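Number of protein chains: 2
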Amino acid sequence: MTEKLTDSERVEQIDPLLANGWAMTDGRDAIHKTFVFKNFVEAFGFMTRAAIWAEKWNHHPEWSNVYKSVDVTLTTHDADGLSALDAKLGAKLDTLAGG
Amino acid sequence: MTEKLTDSERVEQIDPLLANGWAMTDGRDAIHKTFVFKNFVEAFGFMTRAAIWAEKWNHHPEWSNVYKSVDVTLTTHDADGLSALDAKLGAKLDTLAGG
Chain A
1 MTEKLTDSER VEQIDPLLAN GWAMTDGRDA IHKTFVFKNF VEAFGFMTRA AIWAEKWNHH
61 PEWSNVYKSV DVTLTTHDAD GLSALDAKLG AKLDTLAGG
Chain B
1 MTEKLTDSER VEQIDPLLAN GWAMTDGRDA IHKTFVFKNF VEAFGFMTRA AIWAEKWNHH
61 PEWSNVYKSV DVTLTTHDAD GLSALDAKLG AKLDTLAGG
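Residue numbers (the working numbering), protein chains in the order written: chain A, 1 to 99; chain B, 1 to 99.
Honestly, the hints are just simulated from the structure, not real lab data.
What you are looking at is a predicted structure, and each value in this text was computed from that prediction instead of being measured.
A few of these clues could be false.
It does not matter which identical chain is meant; a pair holds if it fits inside one copy or across any two.
What the hints assert, rightly or not - List of simulated lysine-lysine pairs, BS3-like, C-alpha gap at most 30 Å:
{"no.": "1", "residue 1": "K88", "residue 2": "K56"}
{"no.": "2", "residue 1": "K92", "residue 2": "K4"}
{"no.": "3", "residue 1": "K38", "residue 2": "K4"}
{"no.": "4", "residue 1": "K68", "residue 2": "K4"}
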């Protein structure tokens with residue numbers, strides 16, 4: 001799970017995220033997305049749900065929060081780039097955010 | 001509560017924070033501190049406790065988390081700088097972090 005994705009795996013696992021608001025991060029083999037909610041409670045509620053999944057899967061986002069906005073960056077330090085765990089967590093975050 | 005602190009108020013309210021690991025932020029009238037915990041559960045547990053106080057006081061941090069580290073910046077947008085709310089929240093965060 002923590003090996004860097006191959007080119008064909010990227011097409012299969014990362015491209016659907018890029019089509020759903022994620023973008024490649026400049027200068028890093030990482031993806032990022034900004035989630036915007038109605039207010040702080042909604043934003044932090046999302047982070048709380050995500051945190052439990054991140055810990056369960058032992059794969060944690062780099063993220064920041066300013067009021068109702070949450071910026072998330074996903075990459076796998078052990079793999080020095082994107083792994084299947086990033087694809088899995090990214091898809092989960094989209095689900096948790098409601099779309 | 002949301003008026004920018006005067007010089008004498010800064011000495012009284014902000015200086016104790018600066019003596020406890022907070023620092024002025026370059027280019028902004030804001031303070032920041034990095035809290036480091038044992039692991040992600042401890043770090044996010046801190047954020048969760050802090051989030052409830054932030055919402056209760058309607059004063060929210062700008063913050064980021066990478067695994068066991070939490071970077072916090074405090075300022076008051078309405079006041080265009082540091083207010084008493086930042087001093088109050090900063091002190092609370094120190095208490096919640098255990099020191």
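Here is how each hint holds up against the structure:
1. K88 with K56: within (12 Å within a copy, 34 Å between copies)
2. K92 with K4: within (19 Å within a copy, 41 Å between copies)
3. K38 with K4: Between. Shortest inter-copy distance 27 Å satisfies the 30 Å Cα cut-off; intra-copy 35 Å does not.
4. K68 with K4: Only across copies: K68 and K4 sit 23 Å apart there, 32 Å inside one copy, limit 30 Å.
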